[in-house]
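Line by line, the protein sequences give chains A and B. When the first sequence is numbered by the working numbering, its final residue is 149 and no position is left out of the sequence of numbers. When the second sequence is numbered by the working numbering, its final residue is 204 and no position is left out of the sequence of numbers.
To be clear, the hints were calculated from the coordinates, so they are not data collected in a lab. Treat the hints with care, as some may be off.
Interface residues of chain B toward chain A, partial, derived using beta-carbon atoms under 8 Å [to be verified]:
#, residue
1, Pro33
2, Thr135
3, Gly142
4, Leu149
5, Gly150
6, Glu162
Some chain A residues flagged as far from chain B (calculated, every beta-carbon gap over 10 Å) [said to hold, decoys possible]:
#, residue
7, Leu9
8, Ala31
9, Ala32
10, Pro37
11, Leu40
12, Pro42
13, Ile55
14, Ala58
15, Arg65
16, Gly77
17, Ala82
18, Pro100
19, Ala105
20, Ser108
21, Pro133
For each residue, glycine too, the CB sits at the ideal point set by N, CA and C.
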Amino acid sequence: MVDGAQRQLPPVTALAVAALIVVLAGGIDLAAHLPRPAPLGPPVAALAVAAVTVIAAAVTLARVRDFAWHTFFLVGGWALAAYLVIAGMLEFVFVLDHTPGGLLAVLSLMLAVFAVDVPLLLAFSVARYQPGPAAGAAGAAGAGTAPPP
Amino acid sequence: MAEITDLARPAGSPGPAAPPGPPPAIVPLAGLPIVGVALVLLVVAIAGNWLWALDFFHIVGGGLWTGVDLFVGLIIGPILGRLSVPARVEFAARFMPKMLLIMPTLVVMTLASGFQLARHLGVLDVAYPRHWWLTASFIVVGVMTVVALGFLEPANLAVLFELRKPAPDGALIGKLMRRFAYTAGITGLMQIATLVIMTRITTW
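Take these sequences, add in the hints, and give me the full structure.
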């Protein structure tokens, strides 16, 4: 049986944390320019890098066969619900404050990346230590095997 | 699991100690209505630009967030690091689910009301060099967010799920709990920087 804690898995945590750092850096750059209007180039670049990194994390993870996908989607689903609420609260504040269109679009997309990245990170962090379907099947087969004489 | 419970048993005690049971739920459902009420009131405060309520949410949320981080990081964390694995497991089974609900609620309360309050009071509109204090606060919050969401919260969740296994891996729980304690210590220390920045901003 392959132990969940010892399996070789893609660097999803590193990629997701990198995406989180980049998207937060983009947000901080926007906020640091206040009260002057912020140039959107650097935040858009940060957003693009973060989005590509999250997609790369998801794609590399999707190629893993023996993984606790049930646990991953269970944790990911609930975390996504929670982080959509958090992102929704922040989006509500930006809309209420009449944030200009271009800036609002960048901030909204940053929140979207954030709201997907964190659940991915949380779900992977839990599921990586859970036994995959192969381990479960092996356990079930072992349980049904007659003991040696 | 037997060896874990045996470690928790004091020498000479008559019978086997009760094994630390798994957490009844990953998220304590009884706390969800309280979180819901807090979030609804926060939305009302922001929508109405209700100065007192914004101040209340920011001060209460920020004070509790800072206090909990400092207490867990600098007091509970080191104590936890010296406990036996079974004691850590038992503590985690009761402590972690509550933190899972309390901390995100405090963080969203503090940040959302704080941004709106700063905008309402014109704090965001100050020019540099004063604006550096605000930028510093954004950076500190950003770093704390990365530490909390990238390392602390995943360790917290992974421990809770490990505890629900029929035979939890004590070594893995110990490793994740150490990560939890270290990262809580880092965010606790960063909260001291937040206190310096926030008191500086309010005394301009």
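Checked hints:
1. A distance limit of 8 Å between C-beta atoms decides the matter here; for Pro33/B the minimum to chain A is near 14 Å, and the interface restraint is violated.
2. Given hint, Thr135/B at the interface with chain A, holds; its Cβ is 4 Å from that chain's nearest Cβ, closer than 8 Å.
3. Because the smallest distance between the Cβ of Gly142/B and any Cβ of chain A comes to about 4 Å, under 8 Å, the interface hint for this residue holds.
4. Below 8 Å, beta-carbon pairs count as interface contacts, and Leu149/B has one with chain A at about 5 Å; its hint therefore holds.
5. For Gly150/B, the interface hint holds, since its Cβ comes within 8 Å of a Cβ in chain A; the closest pair sits about 4 Å apart.
6. Among the interface hints, the one on Glu162/B holds; its C-beta lies about 6 Å from the nearest C-beta in chain A, closer than the 8 Å criterion.
7. Distance check on Leu9/A: its Cβ is at least 13 Å (rounded) from any Cβ of chain B, clearing the 10 Å threshold; non-interface status holds.
8. Ala31/A, annotated as away from the interface, has a beta carbon of chain B within 10 Å; the closest lies near 5 Å.
9. Annotated as non-interface, Ala32/A brings its C-beta within 10 Å of a C-beta of chain B; the closest such distance is 4 Å.
10. The claim that Pro37/A lies off the interface holds: its Cβ sits roughly 13 Å from the closest Cβ of chain B, which is beyond the 10 Å cut-off.
11. The Cβ of Leu40/A sits about 17 Å from the closest Cβ of chain B, beyond the 10 Å cut-off, so the non-interface label holds.
12. The beta carbon of Pro42/A is kept farther than 10 Å from every beta carbon of chain B, the shortest such distance being approximately 14 Å.
13. Residue placement check: Ile55/A keeps its beta carbon more than 10 Å from all beta carbons of chain B (closest about 18 Å).
14. Non-interface call for Ala58/A relative to chain B: holds, since the shortest CB-CB distance, roughly 16 Å, exceeds 10 Å.
15. No beta-carbon of chain B comes within 10 Å of the beta-carbon of Arg65/A; the shortest separation is about 21 Å.
16. Its beta-carbon lying about 13 Å from the closest one in chain B, Gly77/A satisfies the requirement of being farther than 10 Å from that chain.
17. Residue placement check: Ala82/A does not keep its beta carbon more than 10 Å from all beta carbons of chain B (closest about 7 Å).
18. A cut-off of 10 Å between C-beta atoms confirms that Pro100/A is not in contact with chain B; the least separation is 14 Å.
19. The beta carbon of Ala105/A is kept farther than 10 Å from every beta carbon of chain B, the shortest such distance being approximately 18 Å.
20. Listed as outside the interface, Ser108/A is consistent with that label: its C-beta sits roughly 15 Å from the nearest C-beta of chain B, beyond the 10 Å cut-off.
21. In this structure Pro133/A is separated from chain B by more than 10 Å, as the shortest Cβ-Cβ distance comes to about 16 Å.
When each numbered hint is compared with the structure, violations occur for hints 1, 8, 9, 17.
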